[in-house]
Amino acid sequence: MSASTTSSPAVPAIEVSGATVRYGDVLALDDVSLEVAPGRVCGLLGTNGSGKSTLFKTVLGLVPADHGRVRVLGRTSADARRAGAVGYVPQSEQVDWAFPVRVRDVVMMGRYGHMGRRRRARAADREAVEHALERTHLSDLADRQIGALSGGQRKRAFVARAIAQGAAVLLLDEPFAGVDKRSEATIVELLRALRGEGHTLLVSTHDLAQVPVLCDEAVLLQRRVIAHGAPAEVLRPEVLMEAFGIHSDEEGPVWTR
Amino acid sequence: MDALITGLTEWFTVPLQFEFVRRALLVSVVAGVVCAVLSCWMTLVGWSLMGDAVSHAVLPGVVLSFMFGLPFAVGALVFGAGSVALIGVVNRTSRVKEDAVIGVVFTAMFALGLVLVSRVPSQTDLGHILFGNVLGVSDTDIWQVLVLAAVVLAVVWYKHRDLTLYAFDPVHAHALGINPRLLETLLLGLLSVTVVVALQAVGIILVVAMVIIPGATAYLLTDRFERMLLISASIAVAAAVAGVFTSFHLNVSTGGSIVLAQAAAFTLAYLLSPRQGVLRRGLSARRRRARGRSSVTAAP
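Protein chains in written order, with the UniProt record's numbering: chain A, 1 to 257; chain B, 1 to 300.
Isolated chain B, as found in the complex:
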């Protein structure tokens, strides 16, 4: 028993002796919480594809930032927000459906990024941008993550009731003289910034997981929005911690481990949620059928 406790303690304490692990943990937890908070609204509005789109579309921005020696967040934000605006414009001014517009814009942006990377001599590794490099974040990276995270959380704290009103009933918002288009823009802006925050932790490809899975998981577990926020953030923190330590001990991809931990949480909720869980619903359906049969046999 003592050996187990010692082992477990060491599992956590040994990695923490390394500064790069502590930094990775900080970035992953902060990014995870910001994404988790926003993911609650993403889940309810149904913007998963939009999250995917914004994350891929920032690639050329990141590459250009490196080219001009700017902080990566600057280019990423310009291209993230720009793509969202472009999607909106094309959607409103053509008969093509929104999901197709999103598909066209984000793949085009991503392709532009790939072309730029191949032409631009740069010290940055495409792999790090795509898959994250949280074990090697610089001081500048950490500051960008912390500042942007603080901005997103502050805006969300200030506007969360309006965002929920928009998600639930935009027509009612309009009827109250509150502009739903503005709230939509605000939410998209927050999504862009959040994606940039999470890039450092898990990279472009897996960002979308961070802005969907925690909220979707929490949605399976509660009917209260405030609880949904808490559960979602808790899942993200737990997944960040589990992911970073697992990645250290097993020498596997950090971003991958974090997202796998989130997916594991989702799977558990999907199967075991008290009200929404598949197992629970399956069991009660069988019980109902069994009752039905017994009442049939009992009938004369």
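Next up, chain A with everything else stripped away, as it sits in the complex:
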């Protein structure tokens, strides 16, 4: 499962160049360019409506860019998806937690790209699922209905799905929302371990406190890329205030919880 072997370091894991996306008259992304090297964790920061979700959808190929292009591991988004290279961990609000599936079933869905047309699990698939459940400490909860998990366990179940998939690039949408402090630490530990194995992670978050702990780099997005660099640089108050057009005599945005 070492993801790093699938691409040479010269090719960025995620490459977005000059992407502009409009929804009708609304400009959601304005000439966004972004490169994330393999084996890095990149934090994607921005307020609501800053285009974080749109950028995710653009990388996933759910939203076509009006201009610009997207490459994942040097391939088009569609090719990378077909190769099983792109894992997606959804926001909690996008999941139907009452759906009658067990944790194991959800993780098994990560394997569908490896299976035949009927999606029948083979021994290798079951092994991959068990391995992913162990990695995320969910083995004991594998037969629970997905909604019967705590906030942090739910997130880990979807990370397990991406691990079972063997995705080299993971997109995580607000992985710390609705998660208590202790589970947050567990998730950070898990994500850092994945990075250590060569996975590339793009993590959108409101939780600035986790950014220096988890991320190698951070991107500040406000329809455009406002800053991209080491977390310490991007998170400097001057950068944040400048980014949001806030002068020191005004009150800044409330970021941390």
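What the hints contain is simulated information worked out from the structure, not anything from laboratory work. Since the structure is predicted, the reported quantities are computational estimates derived from the model, not experimental observations. Do not take every clue at face value.
[Stated by the list, open to error] Per label pair, the in silico range of CB-to-CB distance:
#, chain 1, residue 1, chain 2, residue 2, range
1, A, Glu134, B, Leu182, 30 to 40 Å
2, B, Leu182, A, Ala123, 41 to 51 Å
3, B, Lys97, A, Asp180, 34 to 44 Å
4, B, Gly46, A, Met241, 39 to 49 Å
5, A, Val239, B, Leu186, 43 to 53 Å
6, B, Leu8, A, His131, 19 to 29 Å
7, B, Val96, A, Arg22, 20 to 30 Å
[Claimed, not checked] From chain B, some residues computed to sit far from chain A (all C-beta separations above 10 Å):
#, residue
8, Thr6
9, Ala167
10, Leu230
11, Leu272
Note that CB positions come from ideal geometry on N, CA and C, so glycine has one too.
Mind docking chain B on chain A? Use the hints.
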């Protein structure tokens, strides 16, 4: 006691001596099972209104089929699938919300059907199309039901994991390079065919019940999808049997009896389900309140 058993046996055996009852039973059970299987996905995706829409929209197709002497399924399928496609197109190309689009398309189709019926001299009774005529199904009708049912069940058996993936997380399907739009189209196609199968049993108006109630009932009773399918199908079989026999003995509408039997099953599940039941939840809430009170009074 013996009299009761004899009575009960006769309640079942006497109607079975009639061929039209046996045929009605066959069609109702087969249609019920196919609808029940599909209803599990309908419940989870939230397509109840879509089921209603497709069933009403097939009316002009059925009328035209009779006009041109075609099997009713041909016209029904064309108009069922056509309406679904039309709903999709209008939904994507206008700002009107999907439920409104569905409302516009299916009522318009239904109205077209009514107008056609009133202009077309036909031997068929509008009442039979609307409310079903399972006691008078022809051999052709039965064959159409059996063939279409077999097709739906075979496709579902082959694709059920993909359909569940689509229902649970279409974005993940997309991320795996599996086209969720195709799966959506497949599910809508299956819905169209299923509606046509069930028309024979309960008629246009009540079809929607058959593609919602069993799945919704099963959803109240289990957290496992495989069990949901089994429970849903069992409810449909039981309701078909109960409905046909009740209708024979009491001389009441067959379609109505079948759907009432399903609704009764839903009501029981709604009230008594071990985890989701209203009574159970009400009781435990009262127990919690009672505990709360006693701990308050116990406090110094």
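Structure-based check of each hint:
| no. | hint | verdict |
| --- | --- | --- |
| 1 | Glu134(A) <-> Leu182(B): 30 to 40 Å | 34 Å, holds |
| 2 | Leu182(B) <-> Ala123(A): 41 to 51 Å | 29 Å, violated |
| 3 | Lys97(B) <-> Asp180(A): 34 to 44 Å | 37 Å, holds |
| 4 | Gly46(B) <-> Met241(A): 39 to 49 Å | 44 Å, holds |
| 5 | Val239(A) <-> Leu186(B): 43 to 53 Å | 49 Å, holds |
| 6 | Leu8(B) <-> His131(A): 19 to 29 Å | 56 Å, violated |
| 7 | Val96(B) <-> Arg22(A): 20 to 30 Å | 21 Å, holds |
| 8 | Thr6 | 43 Å, holds |
| 9 | Ala167 | 7 Å, violated |
| 10 | Leu230 | 12 Å, holds |
| 11 | Leu272 | 19 Å, holds |
The structure does not agree with the numbered hints 2, 6, 9 stated previously, though it agrees with the rest.
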